[in-house]
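Peer 1: Take the given structure of chain F and dock chains E, P, X, H, A and Z to it, following the hints.
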Amino acid sequence: MEDVARPLDALNAARNKNVIVDLKNGSAYIGKLKAFDIHINMVLEEAEEHKNGEVKRKLGTVFIRGDTILTISPA
Amino acid sequence: MEDVARPLDALNAARNKNVIVDLKNGSAYIGKLKAFDIHINMVLEEAEEHKNGEVKRKLGTVFIRGDTILTISPA
Amino acid sequence: MEDVARPLDALNAARNKNVIVDLKNGSAYIGKLKAFDIHINMVLEEAEEHKNGEVKRKLGTVFIRGDTILTISPA
Amino acid sequence: MEDVARPLDALNAARNKNVIVDLKNGSAYIGKLKAFDIHINMVLEEAEEHKNGEVKRKLGTVFIRGDTILTISPA
Amino acid sequence: MEDVARPLDALNAARNKNVIVDLKNGSAYIGKLKAFDIHINMVLEEAEEHKNGEVKRKLGTVFIRGDTILTISPA
Amino acid sequence: MEDVARPLDALNAARNKNVIVDLKNGSAYIGKLKAFDIHINMVLEEAEEHKNGEVKRKLGTVFIRGDTILTISPA
Amino acid sequence: MEDVARPLDALNAARNKNVIVDLKNGSAYIGKLKAFDIHINMVLEEAEEHKNGEVKRKLGTVFIRGDTILTISPA
Numbered sequence: 001m002e003d004v005a006r007p008l009d010a011l012n013a014a015r016n017k018n019v020i021v022d023l024k025n026g027s028a029y030i031g032k033l034k035a036f037d038i039h040i041n042m043v044l045e046e047a048e049e050h051k052n053g054e055v056k057r058k059l060g061t062v063f064i065r066g067d068t069i070l071t072i073s074p075a
Numbered sequence: 076m077e078d079v080a081r082p083l084d085a086l087n088a089a090r091n092k093n094v095i096v097d098l099k100n101g102s103a104y105i106g107k108l109k110a111f112d113i114h115i116n117m118v119l120e121e122a123e124e125h126k127n128g129e130v131k132r133k134l135g136t137v138f139i140r141g142d143t144i145l146t147i148s149p150a
Numbered sequence: 151m152e153d154v155a156r157p158l159d160a161l162n163a164a165r166n167k168n169v170i171v172d173l174k175n176g177s178a179y180i181g182k183l184k185a186f187d188i189h190i191n192m193v194l195e196e197a198e199e200h201k202n203g204e205v206k207r208k209l210g211t212v213f214i215r216g217d218t219i220l221t222i223s224p225a
Numbered sequence: 226m227e228d229v230a231r232p233l234d235a236l237n238a239a240r241n242k243n244v245i246v247d248l249k250n251g252s253a254y255i256g257k258l259k260a261f262d263i264h265i266n267m268v269l270e271e272a273e274e275h276k277n278g279e280v281k282r283k284l285g286t287v288f289i290r291g292d293t294i295l296t297i298s299p300a
Numbered sequence: 301m302e303d304v305a306r307p308l309d310a311l312n313a314a315r316n317k318n319v320i321v322d323l324k325n326g327s328a329y330i331g332k333l334k335a336f337d338i339h340i341n342m343v344l345e346e347a348e349e350h351k352n353g354e355v356k357r358k359l360g361t362v363f364i365r366g367d368t369i370l371t372i373s374p375a
Numbered sequence: 376m377e378d379v380a381r382p383l384d385a386l387n388a389a390r391n392k393n394v395i396v397d398l399k400n401g402s403a404y405i406g407k408l409k410a411f412d413i414h415i416n417m418v419l420e421e422a423e424e425h426k427n428g429e430v431k432r433k434l435g436t437v438f439i440r441g442d443t444i445l446t447i448s449p450a
Numbered sequence: 451m452e453d454v455a456r457p458l459d460a461l462n463a464a465r466n467k468n469v470i471v472d473l474k475n476g477s478a479y480i481g482k483l484k485a486f487d488i489h490i491n492m493v494l495e496e497a498e499e500h501k502n503g504e505v506k507r508k509l510g511t512v513f514i515r516g517d518t519i520l521t522i523s524p525a
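Protein chains in written order, with the working numbering: chain F, 1 to 75; chain E, 76 to 150; chain P, 151 to 225; chain X, 226 to 300; chain H, 301 to 375; chain A, 376 to 450; chain Z, 451 to 525.
Honestly, I wouldn't trust all of these hints.
Selected chain H positions facing chain A (in silico; Cβ < 8 angstroms) [claimed, not checked]: (1) ALA328; (2) ALA335; (3) PHE336; (4) MET342; (5) HIS350; (6) ASN352; (7) LEU359; (8) THR361; (9) VAL362; (10) PHE363; (11) ARG365; (12) THR368.
Hints listed in this document are in silico derivations from the structure and should not be mistaken for laboratory results.
Quick reminder that beta carbons are idealized off the backbone N, C-alpha and C, glycines included.
If we strip away everything but chain F, and leave its shape as in the complex, we get:
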C-alpha cells in the first residue's frame, strides 16, 4: 500500500499482494487480495482464517462481507 489520496487507492495498491483482514468478531483472514468494491466486500485467494494467533482453517478463495471488516493491512 503506497501513497494514496483516497482510502480505496490503498486497497487498489494492495491487489495481488498478501493482506491481513481483521474482522469485528476477532478473527483474521490472511490471503492474496483479488477484488474489493465500495462496500469493502473483498475476495482473498490462498486464504487462511486465524483465531488467537493460530491457523483455524485453510479456505482457498474466500468472499468477505464488507460490513464485518475492522481493518486491512499488509501481511
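Peer 2: Coordinates of chains E, P, X, H, A and Z only, in the frame set by chain F:
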C-alpha cells in the same frame, strides 16, 4: 471461484457449486449456491446448517439474508 | 422453492406454502408465506412462534420486520 | 389482517384494530394501530407496555421507532 | 398526540408538550418537544434524564440522535 | 441552544459554546462545538473525555463519528 | 486540526499528521493520516495498534473501515 475483478464475480463463478456460508452468529450453512444479489442475500439448495462442526438441520432450500453473512468459501 | 435466478424468486415460489423463518434472536416463526418485499419484510398466516423447539405462541397473521431475519426455509 | 399482496397491506388492514408489537429488547406494546410508514414507524393509541407477560405501563398514545420492531400481530 | 394518518403527525401534535423519550439503552428523557426530523432526531427543552425511575440529570436543552430512540409518549 | 424549528438548528445555536456529547459506549466528551454535519459527525475543541464522572483524557481537538452519539446538551 | 466549518475539514487539516483513531471495540490506532472519505474510511501510515495503553502490533499501512470508528484526535 476463479480469477475475479469484482467480489461478486467470485460468487458468480461459484453458482451451482457447493459453498460454506459462515454467519455472524457462529452457525454455517453448506449447500449448492443457486442465487445471490447485491445485498449478498443468497439461496442455497440441498443445504445443511452446521453448528460447532456438527450438522444441526437439513434444510433443502434456504434463503439467507445478506446482512447476517460473514464469509462465503468453497465447500 | 424451485430453480431460481435471484434470491427473491425463491421467496416468490414459496408463496402460500409453509415456511420456517429463523430470527436473529433465536426464535422461529412457522406459517404460510403470504407476502414479502425487497426489505424481506414478511407476512405469515396461521403462524406459530417457536422457541427452543417448542410452540411458544399461536399468532394467526404476523408481520415480521425484514432486518430481524436470519434465514427462510420450507417447513 | 386479511389477504395481502405486500407486507404493508397487512398493516393497512389492521388500522384501528388492536395489535401486539414485539420489540427487539423483549418488551411488547399492545394498542390500537393508528398510523405507520415505510420504515415501520408506528403510532398506537390506548397503548400498554408489557414485559414478561405483565402490564408495565399504560401509555395512551405511543410512537414506536420502526427499527426496534420484531413482529406485529393481531391482539 | 391526536388523530393521525402518518406517524410523524403524532410527533407534530406533541410539539411544545411534555414527552417521555425512551432510549434503547434503558434511559429516558422527559422534556418539552421542540423539534424533530425524519430521522427522529429530536430536541427537548427543560429536559431531565431518568434512569431506573429516578432523575439522573437536569439537562436544559438536549439533542437526541434518532437511532437511539425506542418510543415517544406523552408525559 | 435557543428556539428551534429543526433539530440541527439547536446544534447550530450551540456553535462555539461548550457542549456535553454522550456516546453509546457510556463515555462523554465535553468541549467547544466547532462543526457538525447531517450525520451528526462533530468536531469539538479543547475537548476532554469523561468516564464515570472523571476526566479520562484531554484531547484538544476531537472528531466524533455521528453514529456513536446518544445525546448533545449544553455544558 | 484547525478552525473548521465542517467536520471533514478537521480531518483534512490533519492529513500527514499523527492521529489517534479510537475504535468501538476499545482498541486504538496511532499513525500518520494519509487518506479518508465521506464514510470516514481511513488510511494511516507507520501505524501501531494499541490496546489497554500498550502497543499490540506495528502495522505499517492500515485501512480502517469508517463504521468501526469512535473518535479521531491529534496524537
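Peer 1: What hints, given by number in increasing order, does this structure fail?
Peer 2: 1, 5, 6
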